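Colleague: Residue strings, one per chain:
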Amino acid sequence: MDDIPFSDIRLAREGDPDASRRIVEQLQRPIIATIHRFLGRRFREDVEDIAQDVFLKLFRALDRFDEERGVKFTTWAFTFVKNHCFDVLKKRRISAVSIDSGAVAEEDEGQWELADGSVRMPPHAALDSELGARIEAAIESLSPDHRMVFILREYEQMDLKSIAEAMEVSEGTIKSRLHRAKQALIARLEPYLKT
Amino acid sequence: MNGPRNSPEDRDDAAWQELLRCYRTPEPSEGFADATLWRIAMGRHDPLGATPPVSPDFTDRVCAALAADRAGHRTAPAIAAAASIARDTTASSDSAETPAARSETGSGAHAPARAPAPVELRSRVAPYLVAAAMLVATAVALMWPKGPGATMPRVQAIAEPLFDRTRTSSDPVSMIGGLIPVAEFTTTTEAADELFEVPRFAPPSLDDFFAADLEARHRELRAQREPHAQQSGDATK
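Protein chains in written order, with this note's numbering: chain L, 1 to 195; chain S, 1 to 237.
If you're looking for bench data, these hints aren't it; they were derived computationally from the structure.
For clarity, every value in this text was computed on a predicted model and none was experimentally measured.
Quick reminder that beta carbons are idealized off the backbone N, C-alpha and C, glycines included.
Be careful, since some hints might not be right.
[Claimed, not checked] Selected chain S positions facing chain L (in silico; Cβ < 7 Å):
#1 T25
#2 R39
#3 S123
#4 A131
#5 M134
Turn these sequences into a full structure, and let the hints steer you where they fit.
Modeller: Right, here's the structure in full:
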């Protein structure tokens, strides 16, 4: 993901509408996609509203962004995404199942019959949307911390250092979370990997 | 740079990436950027928590207004308006204060606020009624006999031995037992009177009836034999 030029950030601080537009247009897709993947199906209707709230917070805090600290603006922006998403989850009191406990989300238990390798898979083309839904459910079954790390790494292609800065934890923790999240997802999505 | 991806790990990774790509998210709607920028612009005009500071003499002005109000230094229209509001709000109340008294005390603006409507008796008693009903229901449920086929209240079960007592052979009641019509008794003897007073719903006892019947037959036989015995005694004499 390309970073935002500092010139645009300075102009946006001064209220320049074009610079603000460039920032919004560059960040809207990754932010909306991350919110969509992180919050899952329950928030599908609210994703853009939540993304707007993130942008509002981001622009109100523009003055606090210090480019001399060496932190990318996109990384800084994803700190807002992470914090706001966690707040939304907390407010809606949705309990996410932690993979640390080894527990599995109950609600989708019935959808995992395909884990049995003897079940025949339909043609791949017909499965695209169904597969997407299953991947979504699998990601949703991760704990919020693991889920956010996985999304930022695998979907937004952020490097570990940036993820660590956005999540405000060490790189080692990020590596560990990423590994565990991936193992949990591979275990759940294994039948689809064989095709 | 990476070489050709031919190892099993690379193939697994490629399959993994391909799988993850199946989960797509919708693109932002067309007006998203505009709507967001509009909200940001609105936020800049009146950003959250950035309300303009109050004027330096704001506190003084508020205190002065309060002091003037307390001292009753009001303008005539304000007093009239307050009085009219007070009259409207207190007209239907049961206050003993007269209009003259109200005008003397200044206005209805300082009149005490109307007391909240009293809670109806029914509303106050209702919880107790419900509690009492539940208590009675619990008592009945506890008295109800347990076990299969038990349908009688325990009270009846307790009273039943009283009826059983009438079945004893020594009790004259059982001799009637509902089998011998009361009309067959004569009311000339005291025993018959006693029997007549016996409740008719006494449960029948077949054994007692046969015992009474045997006793009656025995008495008849004895009565038949006694004249013969007397006759034979006279003859021997």
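Colleague: Indicate, hint by hint, whether the structure satisfies it.
Modeller: Hints, one by one, checked against the model:
For T25 (chain S), the shortest C-beta to C-beta distance to chain L is roughly 4 Å, which falls under 7 Å, so the interface hint holds. The beta carbon of R39 (chain S) comes within 6 Å of a beta carbon in chain L, closer than 7 Å, and the hint placing it at the interface holds. Below 7 Å, beta-carbon pairs count as interface contacts, and S123 (chain S) has none with chain L, the closest being about 35 Å; its hint is therefore violated. Annotation: interface hint on A131 (chain S) violated; nearest CB of chain L at approximately 35 Å, more than 7 Å.
For M134 (chain S), the suggested interface contact is broken, since its CB lies about 35 Å from the closest CB of chain L, more than 7 Å.
Violated hints for the displayed structure, listed by number in ascending order: 3, 4 and 5.
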